[in-house]
Amino acid sequence: MELGDGSAGTGRMRNRMKVLRAERNWSQADLAEHLEVSRQTINALETGRYDPSLPLAFRIARLFGAPIEAIFIDDETGPGPAREGG
Amino acid sequence: MSESTIQKLTSGRWRRRWVLMGAGLAAGLATGLGVRLVTPRHLISAWPWEDQAAVVLGASLFAYGLGLLVASLFRRSAALVADPYGATGGGLRRGEALYQRLTAATIALAGAMMLVPLTAHWAPGLGSGLRIAIMTGLVGGLVLQSVINLMIWRRSDELFRRLIVESTALTFWGLQGVLFLWAAGQQLRLLPAITAWQAFVVLLAGYLVASMAVSVRRGFS
Numbered sequence: 001m002e003l004g005d006g007s008a009g010t011g012r013m014r015n016r017m018k019v020l021r022a023e024r025n026w027s028q029a030d031l032a033e034h035l036e037v038s039r040q041t042i043n044a045l046e047t048g049r050y051d052p053s054l055p056l057a058f059r060i061a062r063l064f065g066a067p068i069e070a071i072f073i074d075d076e077t078g079p080g081p082a083r084e085g086g
Numbered sequence: 001m002s003e004s005t006i007q008k009l010t011s012g013r014w015r016r017r018w019v020l021m022g023a024g025l026a027a028g029l030a031t032g033l034g035v036r037l038v039t040p041r042h043l044i045s046a047w048p049w050e051d052q053a054a055v056v057l058g059a060s061l062f063a064y065g066l067g068l069l070v071a072s073l074f075r076r077s078a079a080l081v082a083d084p085y086g087a088t089g090g091g092l093r094r095g096e097a098l099y100q101r102l103t104a105a106t107i108a109l110a111g112a113m114m115l116v117p118l119t120a121h122w123a124p125g126l127g128s129g130l131r132i133a134i135m136t137g138l139v140g141g142l143v144l145q146s147v148i149n150l151m152i153w154r155r156s157d158e159l160f161r162r163l164i165v166e167s168t169a170l171t172f173w174g175l176q177g178v179l180f181l182w183a184a185g186q187q188l189r190l191l192p193a194i195t196a197w198q199a200f201v202v203l204l205a206g207y208l209v210a211s212m213a214v215s216v217r218r219g220f221s
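As they're listed, the protein sequences go chains A and B. Heads up: the first sequence begins at 1 in the working numbering, then just goes up one per residue. Heads up: the second sequence begins at 1 in the working numbering, then just goes up one per residue.
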């Protein structure tokens, strides 16, 4: 159920959450409120220390109005359009 | 010391770190003094290692849980616990103080329950009626702690649930191997027998180390 966390993949995914959050002038606490998770979860996601479950990834995608693959970047599939977000 | 280092060490993030380190130091000193006050040092030094370890673990957990409980009662300190470095913004969120209180309660209860069996040292002549009463109290405490743990699990988001699961898995994975090797060595008459209390003390210490390692790995530092 998780996007690369503890599965067969070797590394963790990068994501553009910090950039997307900054574009909306939200604090981590604001984003946590929107996603109904703890602020520690947002911090862990943004710093690449935790990859979200599939349901949470979909919630994030819905909130930012972008497809999952535009927010989460799998290093194994090569550079994506949103690579700069890390 | 360079100017940039001084600036770094006096920044807001580091100021909070200093405050937290000071609070940790004060709590540690208070716990140590408290233990020494309740139990004379010469008495503790005569105890077996597992009971000495149980006193340290139990008293530390109890003091930490109590400190966290007190901190969660005040909005400002609860906000500091929820966001120690002020990195996430937004002050104290709904439900965070309650989560802290539940966590504090289960930690303090774990510490207290670990200290209670050591009453055998303080009062070796306890009658069987009293010992049964203490045991009954411990069963009640364990049920209460299980209920609190369940409440914590239900209120946890996926990261916190993952921390719990990973800590538990790491502890089991590590210690069941050690236990197997010890048991095998014991069967082969190569190693001495261990008591359930010794195994439990090692298990709890292992769980604490595992949960700290998992927490740091997930960004809690």
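Treat each hint with caution, since some may be false.
Restraint-style ranges between C-beta atoms, simulated for each label pair [to be verified]:
id	chain 1	residue 1	chain 2	residue 2	range
1	A	Lys-18	B	Gly-24	24 to 34 angstroms
2	B	Ser-4	A	Pro-67	34 to 44 angstroms
3	B	Met-212	A	Glu-23	44 to 54 angstroms
4	B	Gly-141	A	Pro-67	44 to 54 angstroms
5	A	Lys-18	B	Val-216	37 to 47 angstroms
6	B	Leu-20	A	Glu-33	16 to 26 angstroms
Away from chain B, derived, C-beta distances all over 12 angstroms, residues of chain A [said to hold, decoys possible]:
id	residue
7	Phe-64
8	Pro-67
9	Asp-74
These aren't lab readings, by the way, just hints derived from the structure by calculation. Each residue gets a CB set at the ideal place from its N, CA and C atoms; glycine is no exception.
Q.
Let me make sure I understand: some of the numbered hints might not hold for this structure. Which ones are they, in numerical order?
A. Violated hints: 3 and 5; rest satisfied.
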